[in-house]
Amino acid sequence: MSKNIFFEKSKPILLSEVFTESQFNKDLKIHDIKTLKQATNLDITFFESIAYKDSAKTTKASCCITTEKLKKYLPENCMPILVKSVLFDLAKITKRFYPDADLDYPDITLSKPDKSKYSSVKFGNNVLIGKNCQIGESTIIGNNTIIEHNVSIGNNCVIGSQIVIRNSLIGNEVVIQDGCKIGLKGFGFIPNKNKNIRMPHIGKVILKDNVELGSNCTIDRGSIDDTIIGKNTFLDNQVHMAHNVKIGDNCMIAGQVGFAGSTTIGNNVSIGGQAGISGHLNIGNNVKIGGGSGVVKNIENGSVVMGYPAVPLKKFIKDSKKDE
Amino acid sequence: MSKNIFFEKSKPILLSEVFTESQFNKDLKIHDIKTLKQATNLDITFFESIAYKDSAKTTKASCCITTEKLKKYLPENCMPILVKSVLFDLAKITKRFYPDADLDYPDITLSKPDKSKYSSVKFGNNVLIGKNCQIGESTIIGNNTIIEHNVSIGNNCVIGSQIVIRNSLIGNEVVIQDGCKIGLKGFGFIPNKNKNIRMPHIGKVILKDNVELGSNCTIDRGSIDDTIIGKNTFLDNQVHMAHNVKIGDNCMIAGQVGFAGSTTIGNNVSIGGQAGISGHLNIGNNVKIGGGSGVVKNIENGSVVMGYPAVPLKKFIKDSKKDE
Amino acid sequence: MSKNIFFEKSKPILLSEVFTESQFNKDLKIHDIKTLKQATNLDITFFESIAYKDSAKTTKASCCITTEKLKKYLPENCMPILVKSVLFDLAKITKRFYPDADLDYPDITLSKPDKSKYSSVKFGNNVLIGKNCQIGESTIIGNNTIIEHNVSIGNNCVIGSQIVIRNSLIGNEVVIQDGCKIGLKGFGFIPNKNKNIRMPHIGKVILKDNVELGSNCTIDRGSIDDTIIGKNTFLDNQVHMAHNVKIGDNCMIAGQVGFAGSTTIGNNVSIGGQAGISGHLNIGNNVKIGGGSGVVKNIENGSVVMGYPAVPLKKFIKDSKKDE
Chain A
0 MSKNIFFEKS
10 KPILLSEVFT
20 ESQFNKDLKI
30 HDIKTLKQAT
40 NLDITFFESI
50 AYKDSAKTTK
60 ASCCITTEKL
70 KKYLPENCMP
80 ILVKSVLFDL
90 AKITKRFYPD
100 ADLDYPDITL
110 SKPDKSKYSS
120 VKFGNNVLIG
130 KNCQIGESTI
140 IGNNTIIEHN
150 VSIGNNCVIG
160 SQIVIRNSLI
170 GNEVVIQDGC
180 KIGLKGFGFI
190 PNKNKNIRMP
200 HIGKVILKDN
210 VELGSNCTID
220 RGSIDDTIIG
230 KNTFLDNQVH
240 MAHNVKIGDN
250 CMIAGQVGFA
260 GSTTIGNNVS
270 IGGQAGISGH
280 LNIGNNVKIG
290 GGSGVVKNIE
300 NGSVVMGYPA
310 VPLKKFIKDS
320 KKDE
Chain B
0 MSKNIFFEKS
10 KPILLSEVFT
20 ESQFNKDLKI
30 HDIKTLKQAT
40 NLDITFFESI
50 AYKDSAKTTK
60 ASCCITTEKL
70 KKYLPENCMP
80 ILVKSVLFDL
90 AKITKRFYPD
100 ADLDYPDITL
110 SKPDKSKYSS
120 VKFGNNVLIG
130 KNCQIGESTI
140 IGNNTIIEHN
150 VSIGNNCVIG
160 SQIVIRNSLI
170 GNEVVIQDGC
180 KIGLKGFGFI
190 PNKNKNIRMP
200 HIGKVILKDN
210 VELGSNCTID
220 RGSIDDTIIG
230 KNTFLDNQVH
240 MAHNVKIGDN
250 CMIAGQVGFA
260 GSTTIGNNVS
270 IGGQAGISGH
280 LNIGNNVKIG
290 GGSGVVKNIE
300 NGSVVMGYPA
310 VPLKKFIKDS
320 KKDE
Chain C
0 MSKNIFFEKS
10 KPILLSEVFT
20 ESQFNKDLKI
30 HDIKTLKQAT
40 NLDITFFESI
50 AYKDSAKTTK
60 ASCCITTEKL
70 KKYLPENCMP
80 ILVKSVLFDL
90 AKITKRFYPD
100 ADLDYPDITL
110 SKPDKSKYSS
120 VKFGNNVLIG
130 KNCQIGESTI
140 IGNNTIIEHN
150 VSIGNNCVIG
160 SQIVIRNSLI
170 GNEVVIQDGC
180 KIGLKGFGFI
190 PNKNKNIRMP
200 HIGKVILKDN
210 VELGSNCTID
220 RGSIDDTIIG
230 KNTFLDNQVH
240 MAHNVKIGDN
250 CMIAGQVGFA
260 GSTTIGNNVS
270 IGGQAGISGH
280 LNIGNNVKIG
290 GGSGVVKNIE
300 NGSVVMGYPA
310 VPLKKFIKDS
320 KKDE
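Chains as they are written, first to last, in numbering that gives the first Met the number 0: chain A, 0 to 323; chain B, 0 to 323; chain C, 0 to 323.
Derived by calculation from the structure, the hints in this document are not laboratory data. One or more of the hints may lead you astray.
Unchecked claim - Cut-off 20 Å, straight-line C-alpha distance, at most; resulting in silico cross-link-like pairs (SDA-like, lysine to any residue):
1) A:K320 to B:L312
2) B:K36 to B:K245
3) C:K36 to C:S48
4) B:K194 to A:S137
5) B:K194 to A:S269
So that you can see chain A by itself, here it is in the shape it has in the complex (with noise of 0.2 Å):
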C-alpha cells in the first residue's frame, strides 16, 4: 500500500516550501502524507486529537502537524510543525501533493470493456471501465455500470447495474447491488464563510471477501486513510458509510444505518436498522446495536445496547417500562 495507485502524487518537497513561517530544519524533504500508523520516516504526518495519542507515541514520520497541547505525545524522531488548525495544514500540504483529490472529477478515461482483455468476465450492456483495471474470473458486472481507472475487483463477484466503483480494491466473492456508489470523496471539509476549503481524499475503499452490499449504498473512501469492510460482513440497502470507517468480519449492518466518519467497528457486530454511529468511536466485537439506536460513546466488546443515546438493552427496556 504504499504507493497510491488511484492519485497523481507531486515530486517530493522541501517542508520549507510549504511550512514557510515555522522555524525548522529548512531542507528536510517529505515524500509523502499518510496517517501516525502508516507513516515512514519519508512521510509527513497529522495529529488533531487525544484520541490517537497511542498511534502519535509509535509513529514514525519524520514530522507531524500538530498542537502545542498534543506535541508531547511525539516521540523523539518526529519533529512537531505547531499550528493552530491541525486540518487546515493538513488539507493545504495534501493538496499541493495530491492536486486532484480534493473534487472527484467523473474519470473521462473509461470506455466499453476490452473483451480481450477481460476474457472470463460477463459484461450487461453499456458498461464503462476505466483505465489500468483489474477483474477477475468469473465476475459479473450489471448494466450501467461504471468502474473507474486503476480499480481491482476479485473473482467470482457479483456487481449490479448502475453502480459507480471508484478508488476500491474488492475482493473475491464480493456481492454488490444495485446503485451503491462507492469510493466517491467524503464529508470532509474546513468550514469557510462563501467559500468551504476540502479536504483532499487520498484513502481507498477496501471491501475484502465475500462482503455484499444492499442497493443504494454509499461508501466513501478515506481521506487520509482508508475506509475498510472486512470478510464477510452484509449490509442491506441504503446504508451510509462516512469517510475512514473500517467495520470487522463477519458483520450484519440493517438498513438505512448511518456510520459518521473514522469509527472502527469489531468484528461480529450486528446492527439493526436505522441505526446511527458517531463518528471517531471505538465499537468493539461482539456488539449488539438495536435498531434505531443512537451510538454516541465508545462499547465495549460483547455489549447489548439500544436506544438514543444507546444504553444497554436492559436498562433501556426497564427505561421504556417505567415510563409505562
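Put chains B and C on the given structure of chain A with help from the hints.
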C-alpha cells in the same frame, strides 16, 4: 400465482434426497417450496415462529420443516420434518429447487425495446428490456431504465429514469420515480463464519394499481412469499422496504421510512418521515405513526403512535412535557 | 422568475370558469397561480395556514383561495375565494394552468450533447441533455447523467455520474455527487380513496454558488414555491429534501438527514447525521442540531438542540444522565 415465472425450478424431488437423516415416507415427492398459506399437497412448507401458528393449523402442505416445539400446531395431513434450524434447512431445499435465486445475477438477456412489440409504449433513451416482459398501453419508461425478464407493467404507468425493476408485477397507473431499485433480493441469510449462507429469494414484488414510489426507494422482493404494496398507496423518497413486507391500500409513507422484513401494514395507514418498523409485526388499519418513531410491537386498528419505542401519541406528548 | 420556464402554462382564464359555485366578479381574469409573496395583481394565490398570516396581509394577488376563518388576514385588494379544502382547490386550479406538472413524465427531448453548443463543457459517456439547457464554462458532466430541458448550470461545476437534474437552476462551482435526483416532484397530494389527487409541482430547485451535494441525495422541486439551497452549503450523502424547503448559506448537513416540506433553515446551521426536521418550521441562523434529532418546533437563532423530540442540548444531556 402457482408457477414461478421469474426463477427456473428443478423437477420434483424425493424428500429423502434432501433430508437424508430423517425417517419418513421415503417416496414422498415434493414439487415446490411454498409458504404455509400458499402450499398445496404437492408442496413442502416451513414453520419457524409461533407468530404463524394460525397459518400452520390450516396448511395444505404435505410436509413442513419445523421444530419439536412447533410441530403440534400442524394438521394431520402435514408431516413435520424436525430440524434444529428451520431457516438453514429452508435455505437448503429452496436452493435445491431454485439454484439461481440466492444471488441477483444481472439479466444478460436485456436489449433495446422491440418497438413492434411495445407499439403503444413511449421509451426514453437507452432503455433495456429483458425477455418476455409485458408493458401496458400508454405507459412511459424513462431514460437508462432497466426492466428485467418476465416483469409485467400495466397501462398508463409513468416509470422514471435510472430505475431497475426485476421479479415484479406492476399494476395500472403506477408511478415510479427516478433511481428506484425494485425486486432485488432481500437481506436474508444465515450467519456463518467466513461465509454466510444466503437464503434464496424466489418471491416477487407486487405493486397494485395507482401505487406511487418516490425517488431512490429500494423495494426488495419476497423470500418465499411476496412483497406487496396495495392500491393507491404512495411512498415518498428513499423508503426502504425489506423482503415480504405487505402494505395495504391507501397508505401514505413519508420519506426515509424503513420497514424490516415480513411486517404487514393495514389500509389507510400514514407513517411520518424516518420512522422505522421492526420485522414480523402486524400494524392494523387506519393507524397513524409519527415521524421518527421506532415501532417494535404490533399496533391495533385506529391507533395513533409516536416515539422510540413508539407509544400512543398522548403518552408521547405527556412524557415529553414531563421531562420539561 | 416571473415566467415558468419549465412548465407550459395555459392562457389566462376567467375565474368563473374554475370556481363556478362562488359568487364574485365573473369577469376577473387570472394569469397565473403564485405564492402569497410572489403573486401580482394578475395572479391568484392561496392561504391555508395561520402560519402564513404575515405574508397574507401584504399579498398583491387579486384573489386568494382560503377559508372563512383565515379570510380576515387578507388585504382589501385581494378577493377571498372561500373553500372547504384550500389544497384541493389549489390542485384544481394549478392543474388547469399547468396540465403536465402533476406527474414527472421523463423528458423525451433528450439527446447526446451538441459539442458545438457546449464547447467548453467536458462530458462523460452517454450524457443526455434536453432542449434549451445552459451549461457554463469549464463545467464537467459525468457518465450516464441526464440533464432535462431548460435546466441551467453555471461555470466550473462538477456534476457526477448517474444523476438526474430537472426543473433546476444551478449556480457556479456547484458539486453534485453520483446518483442524486434533483428537481423531481414532491410528495404532495390530497388523499382520496382509490385515487389520490396529485398536487401539480410547478416550482423549481435552486442551488446557489458553491453548493455541494453528496451521493444519492434526493432534492424535490417546489410545489408552487421553490426549493432552495443557499451559497456554500454542503450536504452529505443520502439527504432527502422535500418540496419548498429552503436552506440558507454556509450550512453543513450530514448524511441521511431528512427535511419535510416547506421548512426554512437559516444561515450557518449545522445538522448531524440522520436528524429529521418536520414540515413548515422555521429554524433560525447559527443553529446546531445534533445527530439523530427529531425537530418538531421552530428553533431560535443560535440554539443548540438534540433529542427526539429535540430539546436544548444541555437538557438532553441532563435527561440522559438522570436516567442513569
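Hint-by-hint comparison with the structure:
1. Note on K320 (chain A) and L312 (chain B): the hinted pairing holds, with a Cα-Cα distance of about 16 Å set against a maximum of 20 Å.
2. As the CA atoms of K36 (chain B) and K245 (chain B) are separated by approximately 15 Å, the hinted pair is consistent with the 20 Å bound.
3. Proposed proximity of K36 (chain C) and S48 (chain C) is supported: the alpha carbons are some 14 Å apart, at most 20 Å.
4. This hinted pair checks out: K194 (chain B) and S137 (chain A) have alpha carbons roughly 18 Å apart, not beyond 20 Å.
5. Restraint check: the Cα-Cα separation between K194 (chain B) and S269 (chain A) comes to about 16 Å, which is no more than 20 Å; the hinted pair holds.
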